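Visitor: Let the hints inform the model, and build the full structure from the sequences given.
Residue numbers (this note's numbering), protein chains in the order written: chain A, 277 to 471; chain B, 6 to 108; chain C, 32 to 682.
Possibly wrong hints are sitting among the right ones.
Claimed, not checked - Taking lysine to any residue and the SDA-like style, the derived pairs with C-alpha atoms no more than 25 Å apart in a straight line are:
| # | chain 1 | residue 1 | chain 2 | residue 2 |
| --- | --- | --- | --- | --- |
| 1 | C | Lys429 | C | Leu573 |
| 2 | A | Lys388 | B | Gly7 |
| 3 | A | Lys363 | B | Asn94 |
| 4 | C | Lys580 | C | His414 |
Claimed, not checked - Here are the computed distance ranges between Cβ atoms for each label pair:
| # | chain 1 | residue 1 | chain 2 | residue 2 | range |
| --- | --- | --- | --- | --- | --- |
| 5 | C | Gln655 | A | Leu396 | 47 to 55 Å |
| 6 | A | Ile438 | C | Thr644 | 38 to 46 Å |
| 7 | A | Thr399 | B | Lys107 | 47 to 55 Å |
| 8 | C | Thr644 | A | Leu386 | 23 to 31 Å |
| 9 | C | Arg153 | B | Lys107 | 53 to 61 Å |
| 10 | A | Ile310 | C | Thr644 | 47 to 55 Å |
| 11 | C | Leu620 | B | Lys107 | 24 to 32 Å |
| 12 | A | Leu366 | C | Ser656 | 39 to 47 Å |
| 13 | B | Asp62 | A | Ile438 | 37 to 45 Å |
Derived from the structure by calculation, the hints contain no laboratory data.
All figures in this text were calculated on a predicted structure; none of them were measured in a lab.
Glycine included, every Cβ here is placed at the ideal spot set by N, Cα and C.
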Amino acid sequence: MMNASTVIFYILAALILGGGILSVISRKIFRAAIYLLFSLIGIAGLYFYLNYEFIAAVQVIVYVGGIVVLIIFSVFLTHESGRDMKKPALVRALFSFLATAFAFALTMSLIKKQEFIPTLNATVEPSVNNIGTQMLSTTQFGYILPFEVVSMLLLAAMIGCIVIAIKVKHPDEDMLKGNELKVPEDIDEPLNASL
Amino acid sequence: MGIGLLHILFVSIALFFIGVYGFLTRRNMITMLMSIELILNSININFIAFNKFLYSDKLDGLFFTVFIITIAAAEAAVAIAIIINLYRNYKSIDIEDADTMKY
Amino acid sequence: MLSAGLIALIPLLPIFCFVLIALVGKHAFPKFCGMLGTLSILGSFVLSVVVAFQYFFQVGKVNGVYQQLIPIKFEWLQFSPNVSIDMGILLDPISVMMILVVTFISLMVHIYSLGYMKGEERYATYYGFLGLFTFSMLGLVLSSNIFQIYIFWELVGVSSYLLIGFYFDRPSAVAAAKKAFIVTRFADLGFLIGILILAFYSGTLDFQTLITRLTTPTDQLNAITSASFMGMSALMWGLVLVFIGGAGKSAMFPLHIWLPDAMEGPTPVSALIHAATMVVAGVFLVARLFPIYSLSCPSALDVVAYVGIFSSFFAAIIACTQTDIKRVLAYSTMSQIGYMMFALGVSGYGGEHGLGYMASMFHLFTHAMFKALLFLGAGAVIHYVHSNEMKDMGGLRKLMPVTHITFLVACLAIAGIPPFAGFFSKEEILQAAFQSNKLIYVVAVVTAAITAFYMFRLYFSIFWNKSLTPALSKGEGDGHVHHSEGTVSMLMPLVILGALSLIAGFVPFGKLVTSDGKELLTEFHIGFSVAPVLLAAAGIWLAYSFYKKENARPQNMVDSMKRLYKNAYNKFYVDEIYLFITKKVIFNLIGRPAAWFDRNVVDGTMNMIATITEKTSYSIKALQSGKLQQYSIYFFSGVIGFVLLFIYLWK
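Guide: Dropping the structure here:
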């Protein structure tokens, strides 16, 4: 019988998978981004459904509030928002579909056979209190080290983004405009090389 | 009949292969990036589901999810920086046009 | 007591000098290098005199027998617990005698070169090479290990190569250097194989152990004499191959072809290397292994004797026809070394029978003196006349009095006229030959007469004959030629060597250097000497009548023996035979097929591999399309493939 919980799950699953499918087949890039947004919101809902409120909140903040907005910005920056994207080649689409469908079937059949044994120990509540304590704990099973490493990674990524995306004025353009501003060669070279 | 682990795994695996399909067929780099986000999210669902249904005495799956989200954010930022730079140089974000590194 | 350090310094001084000149001196003080080299050799010479004195008169003799002493020895490369290459110094009568000869002649040549090579562009390099050569030669004679001698043997070959090719801007000098190197190298291959055979059967490389094991009835001696290959015992093979190495260095027929060409080098070098020291290395080698030859394998010694006497005679005939004075001297050297060789060949071991051995070493000693003198004198003449050809010379006795007298002394010495040095040693050799082999004796006496003839032909052509050559008298007019006879540094060695050629024969050699270290009393038969001396005098008289004044007699003689003369003048076409064998036979029958095989089969295989790789690469390069999605498809299908493989097929 269907109870409310089951219904909610099916709605969420439909939202996630429907958003995902539309996002990968939509011909308009802006719409694809919006479908992705729905899919991600659905995933956040799934976390809520499983009582992981903290992760659900993080999902909404980072993905919905951060990444999707970033993607939409980049869509605008590349002036592609209005145009239809090219259709994928039919042969490739067909083969990709067959391959992924086959792999999906394979994985599902394997998982069906697998017997999952849940633990019998006392449940730990995924409350913000518990999460925070364990994440910043320096004792055994504490996650302070990965936490710090990830913070370094974020810093590096931030600097890397700035370096990659920074707009370098080409010296030739300056010459054409009669602009006296000189960009030092040694900055110009590695950037061009990194492209 | 409650919702068990298998239901959620079905959703996550389906989402994973949707992402793979998108990655293989899309030619626009931004949409390929979106497919990658879908793949990463399906992994996150897996971690949370396993944590919830099999290892409820620990929080490890949750932490992995947190770190994956963090890294995904960083990755998306870097990828978009690269895409914008490519667009500036090639006036296109079609993956087929960026084939300078062939033979 | 002998000090090991001092002995080691004898060869080390020249090599230090070489390193110093090569690294620093050449650039920093090129003018001083000659003096430096001379001083280092002087040091070596003084040390060798001290060592020789101590060895012969203080420590060498135990119970009336000269011992073999090994003051220094350290293991260098070990192959197995028994076989190792050692570096050491072996002192016995012949090595002590040799270091004396080498350092003395080298000193003379160093002093002489101070004047002779003055103003040469590569003056410093020249002295560096001389130092290297002296070091190698001293190392060779002092070696305590047969492999050590081989190493120094090759070093000597290299320094000889460098010095022959000293004027490397002359194509003929380059060709001569290459020829010398290749011919001796070819002979050294035989030497190496000989060493390996001896070492394999005797299980050692050390001279003393080697000689003990192969002369007394031991398992090793049984093994090496019973093993046979192509009808000869392994011992015979080993000894003959070692002798081939020695024959290559000592210019024995048929490996002599490099020696006349080697005269392209500077004349003092010819005196040092190609007359007095290096070319007698072959004799020294046979003498070093003499107990084995003599006691265990007399048939190998017969080979030595016949090769020696044939080379001696053969070279003497060629020497009569040559017109280049240095070539005459080169063939004369070959002839005299042949003398030493057959003297060893007819000798026995120990006591009375060891006369030939002693005579050979004696002749080596005296020959070094007068042959060096001849070369240095010839050098002075060439320096004066600027030509090697006899026809450009004549009547020089007034212009070059010192050279004239010393050259005459040397000619008398080599001709064997008493009381000059050559007389004594030659008499001993003839006596040894007379006692053992009449045929060799007869040929040797005839050769001695021919020697006297061609040496005096040389002497009269240079110093008498024409009154004054046109080239020289013409030069007088414009004040070009008459620089003096030579500097003091050039004349002094001539005088010293001349004096020694006079008195060296009186050294009591029989007491000092013998085959078994015991004293050998030589009797002196006046009657025996009459025939050889008279024959030599006849040779001199013939030369006198032919060449004292310009006349037609030599030409008549040539006409009457046209065929022989032509053959001898062309050195019996040995060079041409070699050329024929190498160019026509070896190149065509072996070289070309080998080259074909190399080009088509060896290279072909490599080319085929390369071509296949290239073709394959071209056909699959499209896989690397630069398209990201293709790569991800490969990746994705790879993952699926592995999943299938590991889960369903790999159980």
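Visitor: None of the hints should be skipped; say for each whether it holds.
Guide: Each hint, compared with the structure:
Between the alpha carbons of Lys429 (chain C) and Leu573 (chain C) the distance comes to roughly 23 Å, so the proposed pair stays at or under 25 Å and holds. Restraint check for Lys388 (chain A) and Gly7 (chain B): satisfied, since their Cα atoms lie roughly 17 Å apart, inside the 25 Å limit. For a cut-off of 25 Å, the pair hint linking Lys363 (chain A) to Asn94 (chain B) stands: about 24 Å separates their Cα positions. Proposed proximity of Lys580 (chain C) and His414 (chain C) is supported: the alpha carbons are some 24 Å apart, at most 25 Å.
Roughly 53 Å separates the CB atoms of Gln655 (chain C) and Leu396 (chain A), a value that falls within the hinted 47 to 55 Å. One distance hint, 38 to 46 Å for the beta-carbon pair Ile438 (chain A) and Thr644 (chain C), holds here, with the actual separation near 45 Å. Taking the beta carbon of each, Thr399 (chain A) and Lys107 (chain B) are about 54 Å apart, inside 47 to 55 Å as hinted. Distance hint check for Thr644 (chain C) and Leu386 (chain A): the Cβ-Cβ separation is about 41 Å, which falls outside the suggested range of 23 to 31 Å.
The supplied range of 53 to 61 Å is met by Arg153 (chain C) and Lys107 (chain B), whose beta-carbon atoms lie about 59 Å from each other. For Ile310 (chain A) and Thr644 (chain C), the hinted distance range of 47 to 55 Å is satisfied, since their beta carbons lie about 52 Å from each other. Taking the beta carbon of each, Leu620 (chain C) and Lys107 (chain B) are about 54 Å apart, not inside 24 to 32 Å as hinted. Roughly 19 Å separates the CB atoms of Leu366 (chain A) and Ser656 (chain C), a value that falls outside the hinted 39 to 47 Å.
Judged by the Cβ atoms, the range 37 to 45 Å given for Asp62 (chain B) and Ile438 (chain A) holds: they are separated by roughly 43 Å.
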